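Chain order of the listed sequences is W and F. In terms of numbering that gives the first Met the number 0, the first sequence is numbered consecutively and its last residue is 289. In terms of numbering that gives the first Met the number 0, the second sequence is numbered consecutively and its last residue is 318.
Any given hint could be a false lead.
Listed next, the stretches of chain F that the computed footprint assigns to chain W, with coverage defined by at least 3 CB atoms under 8 Å from CB atoms of chain W [stated by the list, open to error]:
(1) 21 to 28
(2) 79 to 87
(3) 186 to 198
(4) 220 to 229
Below, in silico cross-link-like pairs of lysine to aspartate or glutamate (DMTMM-like), each with a Cα-Cα straight-line distance of 25 Å or less [as the list claims (entries may be wrong)]:
(5) W:250 - W:50
(6) F:228 - W:10
(7) W:281 - F:91
(8) W:281 - F:205
(9) W:281 - F:213
(10) F:209 - W:10
FYI, nobody ran anything at the bench for these hints, they're computed from the structure. Fair warning: this is a prediction, and the values are worked out from it, not measured in the lab. From the three backbone atoms N, C-alpha and C, an ideal C-beta is built for every residue, glycine too.
Residue-level listing of the chains:
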Amino acid sequence: MKRQASRGMSDLAIRNLFIIPTIIFLIVFNIFPLIYSLGYSFTDFRASSNDPAKFVGLQNYKELLADPFIWNNFAITAKYVIVSVTGQVVVGFGVAMLLNRYIPFKGLITTLLLLPMMLSMAVVGLFWKLLYDPSFGIINYALGLGRFEWLSNPDMALYAVAITDIWMWSPFVMLLSLAGLSAVPKHLYEAAAIDRASSLYTFFRITLPLVAPILMIAIIFRTMEAFKTFDLAYIMTSQPTTELISIRLYKMAFQEWQTGRSCAFAYIVLVMVIAITNIYVKYLNRVKER
Amino acid sequence: MAAVQTSGERIRNRLAIAAVLVVTLIFLSPIYWITSTAFKPRNLTTTVPPTVVFEPEISPFVKLFTKRSQLREQPSAEDYAAAPWWERLVFDGGEKVVRSGKGEVQVSGYPSRFINSLIIAITSTVLAVGMGTFTAYGFSRFRIKGEQDLLFFILSTRMLPPVVVAIPMFLMYRVVGLNDTHVGLIILYTAFNLSFSVWLMKGFIDEIPKEYEEAALVDGYTRMQAFFKVVLPEAATGIAATAVFCFITAWNEYAFALIMTNRRAQTAPPFIPSQIGSGLPDWTVIAAGTVLFLLPVAIFTFLLRNHLLRGMSFGAIRK
Numbered sequence: 000m001k002r003q004a005s006r007g008m009s010d011l012a013i014r015n016l017f018i019i020p021t022i023i024f025l026i027v028f029n030i031f032p033l034i035y036s037l038g039y040s041f042t043d044f045r046a047s048s049n050d051p052a053k054f055v056g057l058q059n060y061k062e063l064l065a066d067p068f069i070w071n072n073f074a075i076t077a078k079y080v081i082v083s084v085t086g087q088v089v090v091g092f093g094v095a096m097l098l099n100r101y102i103p104f105k106g107l108i109t110t111l112l113l114l115p116m117m118l119s120m121a122v123v124g125l126f127w128k129l130l131y132d133p134s135f136g137i138i139n140y141a142l143g144l145g146r147f148e149w150l151s152n153p154d155m156a157l158y159a160v161a162i163t164d165i166w167m168w169s170p171f172v173m174l175l176s177l178a179g180l181s182a183v184p185k186h187l188y189e190a191a192a193i194d195r196a197s198s199l200y201t202f203f204r205i206t207l208p209l210v211a212p213i214l215m216i217a218i219i220f221r222t223m224e225a226f227k228t229f230d231l232a233y234i235m236t237s238q239p240t241t242e243l244i245s246i247r248l249y250k251m252a253f254q255e256w257q258t259g260r261s262c263a264f265a266y267i268v269l270v271m272v273i274a275i276t277n278i279y280v281k282y283l284n285r286v287k288e289r
Numbered sequence: 000m001a002a003v004q005t006s007g008e009r010i011r012n013r014l015a016i017a018a019v020l021v022v023t024l025i026f027l028s029p030i031y032w033i034t035s036t037a038f039k040p041r042n043l044t045t046t047v048p049p050t051v052v053f054e055p056e057i058s059p060f061v062k063l064f065t066k067r068s069q070l071r072e073q074p075s076a077e078d079y080a081a082a083p084w085w086e087r088l089v090f091d092g093g094e095k096v097v098r099s100g101k102g103e104v105q106v107s108g109y110p111s112r113f114i115n116s117l118i119i120a121i122t123s124t125v126l127a128v129g130m131g132t133f134t135a136y137g138f139s140r141f142r143i144k145g146e147q148d149l150l151f152f153i154l155s156t157r158m159l160p161p162v163v164v165a166i167p168m169f170l171m172y173r174v175v176g177l178n179d180t181h182v183g184l185i186i187l188y189t190a191f192n193l194s195f196s197v198w199l200m201k202g203f204i205d206e207i208p209k210e211y212e213e214a215a216l217v218d219g220y221t222r223m224q225a226f227f228k229v230v231l232p233e234a235a236t237g238i239a240a241t242a243v244f245c246f247i248t249a250w251n252e253y254a255f256a257l258i259m260t261n262r263r264a265q266t267a268p269p270f271i272p273s274q275i276g277s278g279l280p281d282w283t284v285i286a287a288g289t290v291l292f293l294l295p296v297a298i299f300t301f302l303l304r305n306h307l308l309r310g311m312s313f314g315a316i317r318k
């Protein structure tokens, strides 16, 4: 491209003008705070008191990594991620398989099915509390479960939150699966039909491998989001068995006011998230290049 | 799909359609239930078994916007006749509207939270999409050293759990006095949405052929004019879709709002659950607040339906 240096701003100047403010803004409001809190993570600072922060070295990190309760929070989170992401993949992919054919009012039905994932997690958590109510909730009534306890039952609460998450986010997996399914070339199915391949064989040898990359994106993305979950579980229950990492972190920072220690905890979580994000972006780029 | 269907295929198709209908009904039933609760008389919200058929009323919405107290005794016939129609609805529910000494109706906390949500979501969307569009153009059209790394850096800021980001932001805001202010939340939401807007807009701008601008440059436009007069109009749909996504994200956000605001700048998501309070909650009022809050998002989802896939995959997957 020829440079238009004589008229107006040079391309280089425009490029800088367009990009640099955003980069600076993100550094100031995303990176700088993290550096700021890295400093605090080596101290015993408490935001609720006026005592100056005292440098304690790696003590916060050591204590956190040796704390069995923190590991329990990680275990709860892992369980939650596995249950809810598995549920979303099964339901989402299943519905996508059902929808991947001629269906009257398909566009309308798809849009209606996508509605839950657009709603506010906090508000969804709130009204599912009404649905889960043991005495007058519609869920127990519809399923004929009598006065079954969902959210106040320590063994059930995490699953109850996961079910709500599945309701909200299966549509996301469905949306991506539908895109993957509609991209499978029709002639492959026709060839399989001519060979009299069983439908099971067709599914495992044609459909699944071709949809796998896009399904993988959905899984990684949902894993990341489920790992971060705060709103839903925080609003729905306060059981110790539903104390996800984000909730523990919130309590440590803003209820117990162990500011220094919570900064260290946040850093441990940060490193884990960056690792997952890396995998996610790699997959995104791979799918983009196809 | 083959043109000629065997009877087996036809039956299978019918079954699939039936299954789709059942799934759709199950998925929509929670939304139906909360919506219907917003129009129920209060005493029907906690019945066993749950009440499905009832005469809808709009008193929950009147209660949502007013402060009320329990009626000690039935209002007299004159009071009843003198009251405006909406106050009679509250009387019927066994409550009265709280008035100031001058007789002005006391408004509940809901309207101000709703307005806060609007101000904060709209302003942060305009900022994020505005900055995002320029930056996306820069990334799309010019050679940039370490482009992939920069884009990854931009995205990674959004991947952190909100609480992780909120701790240092809270400490910094405390120093500069931005806690519980509109500006504070607007900055946070702008930063949060900016990365998303850059990624999505880059996809949209990549699709506009470079030849359009080059033709404009040959015609004597400056690069800046070409951007405003050629690229921006072409990108209009993309900008609109990105804006709606950013708006919904900011509108729905809970964790930052919970931590950074408590009264003055509080948005609706932390406020609505706080209405539950202690004792027996009035679910009709909570449902009314919920429905009003979810309505804009439901409308936007319909407007956005063709762009959902793209937005949800950060622009990576196009239809």
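Tell me whether the statement that chain W covers the region 79 to 87 of chain F is true, taking a Cβ distance below 8 Å and needing three residues at minimum. With 0 residues closer than 8 Å to chain W, the region 79 to 87 of chain F misses the three-residue bar; violated.
Between the alpha carbons of residue 281 of chain W and residue 91 of chain F, is the straight-line distance 25 Å or under? Violated: residue 281 of chain W and residue 91 of chain F sit about 61 Å apart, past 25 Å.
Is the hinted pair residue 281 of chain W and residue 205 of chain F satisfied, with a Cα-Cα distance of at most 25 Å? 20 Å, holds
25 Å limit on alpha-carbon distance, applied to hinted pair residue 228 of chain F and residue 10 of chain W: 17 Å, holds
Okay, the region 220 to 229 of chain F and chain W, do three or more residues pass the C-beta test at under 8 Å? holds (count 5)
Do three or more residues of the region 21 to 28 of chain F come closer than 8 Å to chain W, measuring C-beta to C-beta? holds (count 5)
Does residue 10 of chain W lie within 25 Å of residue 209 of chain F when you go C-alpha to C-alpha? 14 Å, holds
25 Å limit on alpha-carbon distance, applied to hinted pair residue 250 of chain W and residue 50 of chain W: Within the cut-off at roughly 21 Å; holds.
Would you check the hint for residue 281 of chain W and residue 213 of chain F, treating anything up to 25 Å between C-alpha atoms as holding? 33 Å, violated
Under 8 Å between beta-carbons, do enough residues of the region 186 to 198 of chain F, three at least, approach chain W for the coverage claim to hold? Since 7 is at least three, the answer is holds.
Hint violations for this structure: numbers 2, 7 and 9, all remaining hints satisfied.
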